[in-house]
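**Student:** One-letter residues, chain by chain:
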Amino acid sequence: RKEVEQDPGPFNVPEGATVAFNCTYSNSASQSFFWYRQDCRKEPKLLMSVYSSGNEDGRFTAQLNRASQYISLLIRDSKLSDSATYLCVVTINQAGTALIFGKGTTLSVSS
Amino acid sequence: DAGVIQSPRHEVTEMGQEVTLRCKPISGHNSLFWYRQTMMRGLELLIYFNNNVPIDDSGMPEDRFSAKMPNASFSTLKIQPSEPRDSAVYFCASRLAGGTGELFFGEGSRLTVL
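Quick mapping for you: the protein sequence lines, in order, are chains A and B. Heads up, the first sequence is in the working numbering, so the first residue is -11 and it goes up one at a time. Heads up, the second sequence is in the working numbering, so the first residue is 48 and it goes up one at a time.
Next up, chain A with everything else stripped away, as it sits in the complex:
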């Protein structure tokens, strides 16, 4: 089983749509969780951290379910500029020093 698994997509949605991405991780000792965004031929950049109680940043909402080892990202009112690959990231050691990336979910928002 891969350490971090994501549905690769692509997710093709119209502007204004709500879209959700899921991610599962295998290491129950994982301490920290993140969503990164990667634009085509660019480097990954942090989108948001994921906290146990769930957290929201504007149109973006992240949820964590430790019991199911599951992370989600919800994007409301999709914009053309949201088109990118979204990478789920978890730490695999208790020290939180090693970050493992999922292969990413590609989102394409069209007008």
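FYI, nobody ran anything at the bench for these hints, they're computed from the structure. Just so it is clear, the structure is predicted and the values come from calculations on it, not from any experiment. Careful, some of the hints might be misleading.
Derived DEER-like restraints, expressed as beta-carbon distance ranges [said to hold, decoys possible]:
| id | chain 1 | residue 1 | chain 2 | residue 2 | range |
| --- | --- | --- | --- | --- | --- |
| 1 | A | Gly(-3) | B | Ser54 | 28 to 34 Å |
| 2 | A | Arg64 | B | Thr67 | 43 to 49 Å |
| 3 | B | Asn99 | A | Gly(-3) | 37 to 43 Å |
| 4 | A | Asp45 | B | Asn118 | 33 to 39 Å |
| 5 | A | Asn43 | B | Ser54 | 35 to 41 Å |
Cβ atoms here follow ideal geometry from the backbone N, Cα and C, with glycine treated the same way.
Use these hints to put chain B onto chain A, whose structure you have.
**Tutor:** Here is chain B on its own, set in the frame of chain A:
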């Protein structure tokens, strides 16, 4: 402030040649990571350093790969000899140990081995 700086941005080389990729982390960051990205495998962690010391190199594919961090402001990833299957984008990233966990990536080095 300067971000993570990688060089070269692009390299095309022939099989069997030595390749050296370079990275300058953000000043003050004491953790440095090397990742490799391909379409098939996504982003793979190769090795990471804390305070210039290699902590985990279990992701390094084989003995042809080596990484060093002689000081806090410089790291290299070397492939010798290179093979076509090494073709990928190699990212260097840095962060503050014990910080928020955010990794700051360089723009990557795109390697093509013919």
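**Student:** Look at each hint and say if it fits the structure.
**Tutor:** Outcome of the hint check:
no.: 1; hint: Gly(-3)(A) / Ser54(B): 28 to 34 Å; result: holds (33 Å)
no.: 2; hint: Arg64(A) / Thr67(B): 43 to 49 Å; result: holds (46 Å)
no.: 3; hint: Asn99(B) / Gly(-3)(A): 37 to 43 Å; result: holds (39 Å)
no.: 4; hint: Asp45(A) / Asn118(B): 33 to 39 Å; result: holds (36 Å)
no.: 5; hint: Asn43(A) / Ser54(B): 35 to 41 Å; result: holds (37 Å)
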